[in-house]
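J.: Use the sequences and the hints to build the structure in full.
From first to last, the protein sequence lines stand for chains A and B. First residue of the first sequence? That's 1 in my numbering, and the numbers climb one at a time after it. First residue of the second sequence? That's 1 in my numbering, and the numbers climb one at a time after it.
Incorrect hints may have been included.
Claimed, not checked - Quick partial rundown of chain B residues pointing at chain A, CB under 10 Å, derived from the structure:
{"id": "1", "residue": "E45"}
{"id": "2", "residue": "V48"}
{"id": "3", "residue": "D56"}
{"id": "4", "residue": "A61"}
{"id": "5", "residue": "I65"}
{"id": "6", "residue": "H110"}
{"id": "7", "residue": "D112"}
{"id": "8", "residue": "W152"}
{"id": "9", "residue": "E153"}
{"id": "10", "residue": "H157"}
Said to hold, decoys possible - Below, simulated EDC-like cross-link-like pairs (lysine to aspartate or glutamate); rule was C-alpha separation at most 16 Å, straight line:
{"id": "11", "chain 1": "A", "residue 1": "K383", "chain 2": "A", "residue 2": "D14"}
{"id": "12", "chain 1": "B", "residue 1": "K29", "chain 2": "A", "residue 2": "D14"}
{"id": "13", "chain 1": "B", "residue 1": "K197", "chain 2": "B", "residue 2": "D112"}
{"id": "14", "chain 1": "B", "residue 1": "K383", "chain 2": "B", "residue 2": "D14"}
{"id": "15", "chain 1": "A", "residue 1": "K29", "chain 2": "B", "residue 2": "D112"}
{"id": "16", "chain 1": "B", "residue 1": "K239", "chain 2": "B", "residue 2": "D281"}
These are computed hints drawn from the structure, not numbers from a lab. Using N, Cα and C, we set each Cβ at its ideal position, and we do this for glycine too.
If you want the building blocks of each chain, they are given just below.
There are 2 protein chains.
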Amino acid sequence: MRSLADYRQIVGDDVIHSICLKARNLYGKHVLHLNSTYQGGGVAEMLVSLLPLMNDTGLDAGWRILHGHPDFFTITKKFHNALQGDAVNLTPIKKRLYVQANEDFSVYTHVDHDCVIIHDPQPLPLIMFYKKRQPWVWRCHIDLSSPNAELWEYLKHFIIRYDAVVISNQAYRKDDLPVEQRVVYPAIDPLAPKNIKLSEKDVTKYLKKFDVPTDKPFITQVSRFDKHKDPSGAIRIFKKVRDNVDCRLVLCGSMATDDPEALQIYETLARKARHEIEAGDVVLTTLENDILVNVLQETAAVILQKSKKEGFGLAVTEALWKGKAVVASRVGGIPLQLEDGVNGFLLEPDDEDGFADRLVKVLEDPSLAGELGAHGRETVREKFLITRLVADHLDLLNDLLT
Amino acid sequence: MRSLADYRQIVGDDVIHSICLKARNLYGKHVLHLNSTYQGGGVAEMLVSLLPLMNDTGLDAGWRILHGHPDFFTITKKFHNALQGDAVNLTPIKKRLYVQANEDFSVYTHVDHDCVIIHDPQPLPLIMFYKKRQPWVWRCHIDLSSPNAELWEYLKHFIIRYDAVVISNQAYRKDDLPVEQRVVYPAIDPLAPKNIKLSEKDVTKYLKKFDVPTDKPFITQVSRFDKHKDPSGAIRIFKKVRDNVDCRLVLCGSMATDDPEALQIYETLARKARHEIEAGDVVLTTLENDILVNVLQETAAVILQKSKKEGFGLAVTEALWKGKAVVASRVGGIPLQLEDGVNGFLLEPDDEDGFADRLVKVLEDPSLAGELGAHGRETVREKFLITRLVADHLDLLNDLLT
Numbered sequence: 001m002r003s004l005a006d007y008r009q010i011v012g013d014d015v016i017h018s019i020c021l022k023a024r025n026l027y028g029k030h031v032l033h034l035n036s037t038y039q040g041g042g043v044a045e046m047l048v049s050l051l052p053l054m055n056d057t058g059l060d061a062g063w064r065i066l067h068g069h070p071d072f073f074t075i076t077k078k079f080h081n082a083l084q085g086d087a088v089n090l091t092p093i094k095k096r097l098y099v100q101a102n103e104d105f106s107v108y109t110h111v112d113h114d115c116v117i118i119h120d121p122q123p124l125p126l127i128m129f130y131k132k133r134q135p136w137v138w139r140c141h142i143d144l145s146s147p148n149a150e151l152w153e154y155l156k157h158f159i160i161r162y163d164a165v166v167i168s169n170q171a172y173r174k175d176d177l178p179v180e181q182r183v184v185y186p187a188i189d190p191l192a193p194k195n196i197k198l199s200e201k202d203v204t205k206y207l208k209k210f211d212v213p214t215d216k217p218f219i220t221q222v223s224r225f226d227k228h229k230d231p232s233g234a235i236r237i238f239k240k241v242r243d244n245v246d247c248r249l250v251l252c253g254s255m256a257t258d259d260p261e262a263l264q265i266y267e268t269l270a271r272k273a274r275h276e277i278e279a280g281d282v283v284l285t286t287l288e289n290d291i292l293v294n295v296l297q298e299t300a301a302v303i304l305q306k307s308k309k310e311g312f313g314l315a316v317t318e319a320l321w322k323g324k325a326v327v328a329s330r331v332g333g334i335p336l337q338l339e340d341g342v343n344g345f346l347l348e349p350d351d352e353d354g355f356a357d358r359l360v361k362v363l364e365d366p367s368l369a370g371e372l373g374a375h376g377r378e379t380v381r382e383k384f385l386i387t388r389l390v391a392d393h394l395d396l397l398n399d400l401l402t
Numbered sequence: 001m002r003s004l005a006d007y008r009q010i011v012g013d014d015v016i017h018s019i020c021l022k023a024r025n026l027y028g029k030h031v032l033h034l035n036s037t038y039q040g041g042g043v044a045e046m047l048v049s050l051l052p053l054m055n056d057t058g059l060d061a062g063w064r065i066l067h068g069h070p071d072f073f074t075i076t077k078k079f080h081n082a083l084q085g086d087a088v089n090l091t092p093i094k095k096r097l098y099v100q101a102n103e104d105f106s107v108y109t110h111v112d113h114d115c116v117i118i119h120d121p122q123p124l125p126l127i128m129f130y131k132k133r134q135p136w137v138w139r140c141h142i143d144l145s146s147p148n149a150e151l152w153e154y155l156k157h158f159i160i161r162y163d164a165v166v167i168s169n170q171a172y173r174k175d176d177l178p179v180e181q182r183v184v185y186p187a188i189d190p191l192a193p194k195n196i197k198l199s200e201k202d203v204t205k206y207l208k209k210f211d212v213p214t215d216k217p218f219i220t221q222v223s224r225f226d227k228h229k230d231p232s233g234a235i236r237i238f239k240k241v242r243d244n245v246d247c248r249l250v251l252c253g254s255m256a257t258d259d260p261e262a263l264q265i266y267e268t269l270a271r272k273a274r275h276e277i278e279a280g281d282v283v284l285t286t287l288e289n290d291i292l293v294n295v296l297q298e299t300a301a302v303i304l305q306k307s308k309k310e311g312f313g314l315a316v317t318e319a320l321w322k323g324k325a326v327v328a329s330r331v332g333g334i335p336l337q338l339e340d341g342v343n344g345f346l347l348e349p350d351d352e353d354g355f356a357d358r359l360v361k362v363l364e365d366p367s368l369a370g371e372l373g374a375h376g377r378e379t380v381r382e383k384f385l386i387t388r389l390v391a392d393h394l395d396l397l398n399d400l401l402t
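T.: Here's what the structure looks like:
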């Protein structure tokens, strides 16, 4: 378990001390974070790092997980996609199962906290099943810029009961919501296994263990096998790059267990890129291993993020922190992190020639790569580390509770 | 959500009223149940039914889940097997990861309850990380009759800090434990989808949906694909039975996601029984569907439970409740439920000829099947329903808290 003092060398003593001061009116306050998975995905990752640090400030921060049957998660996955604009068939049965799982959970989940922070849509209706005695916050990690209208109207039924909504991007603000909305950027933990500086020995060991050849420079994309992450687009772009520079593409993505579509997307991809995979030019890995992700980002010549949608894009943050040049789509939260030409390159998602051009540029010019990367690391240090997220949570709690 | 009154028709008003009386000194007491999975396995199933009823009595019963990385669950699965007698290589790293997951969880899990009930070995060390302010109970659902000695010695380090240990069988009592030990039999919920009486229409629909032919009588065994459940033995016995009676064997078992061995066992089985499977004589199903389990027990001509080990054997209880004749091994908790010749037949696990003989007997004599089954249903009504489990928990809490 890490403590705030462990981050002194990274963010400086002033930052740590100012966090301690922010907690002064919150000692002993009991705050509950509630989401729907302990494992997999950016939300769980952030909470794993956030919770011990919140407790280290002097308040009591608890974390619980909403329980649901597989049917419930199938429905909430559809809701997740629809909040990002997909169509959804919003039947009475779906609504009933969604609400029922929350009601069932409330029966054996007693809430006597000073504040409740609900993450994402799965536990959103939970607020209906308690006598409200404290502020409730809905922390939405999803891109809300163009939600399916019918679903949004339905979810507002629950959202209007909340005291505040926290979103990841000013652009996700909803004008039709009477609730106070505030923007809190997500963050990464520089001391987590995924981001910590590894020894050269460990890097070499992992590359060998996972059969990643290093005789040519490689491009890394880290993302789930999800249509919104466009892994096929990444492969098309790679083929264009390889016409100019001899290199490899490594696609690294976990198969989230709550994502029934991932396996299908992976298999289609593996079939389409069979020749490149057999030749060793494209490497697909689905291992759930944070240190492998770290190594593949750390060792990459350049990072690609060819997403069509991104709530925020924590994989970009991780790559920037490792001092890597990043070539990415101008979607979701990515432009909050990347300034075109300063710490990476931004492109329209369908500009595949543009992507290839920038990747070639970085691959051919290590000094450019180094310069972009150095800026990227400072961007993250300033804005996107877990210590800033702790401070933002304390600000939120001070506003709500004191 | 079910309430106690829903069970009136099944257990009678006296039983329900006596449960209400037992809660009189416990109103408002806050009890915490803590285990390591919401889904899959008998423990989670019991808690799903138990928790709402505990809350219905007037006390506040909460339920939380220990969070752990996949490495943690790999280790605790080995511990589970070793508590049932397997060898285990108890390295310092394994011990450290086991304890660390508990310590990490304790940081964001605040315990201010009047009593804590810890289920099985995964969260056992949690007690080390709190200032003890209330009685803690270790509820062990595993067959402890011959645990690996080294592991048992290690786990006692945590167990001796508990106020009481609850086991499922008098035979699991440990003489070397200074802690009070009490026996509480597990139970099934007659109103859960797995056990509720289905309409004939639903039964027919499910058999059709899952392609289970009904032109011949069939034998059902419900159990995980686990070596201790001996599915290969079940197939060998079936071949002997089929020499005498034309019938089928249906093996129905979920692939628990926390069980890395299940897939391998399933595949070996499918390969070995390829001919029988292709001929439709043996049906293997791995679907996670409680109603399918219900239908396969309800429709079976006879139930087989060829386990080599069983903590208690809830699948036997479920079958008995459906009025089925059960032919099962004399292991673990099964003899607590089955009396040979009265409500089923008990055999030594290696007496495969004996198993075949009893199965043939029941298949050839429907009136014998009916008689055994009727006795079985009464055994369960009297001893193994969820209402009795609620009463036992209230007795335990009265002893500890009042």
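J.: Which numbered hints turn out to be false for this structure?
T.: Of the numbered hints, 1, 8, 9, 10, 12 and 13 do not hold.
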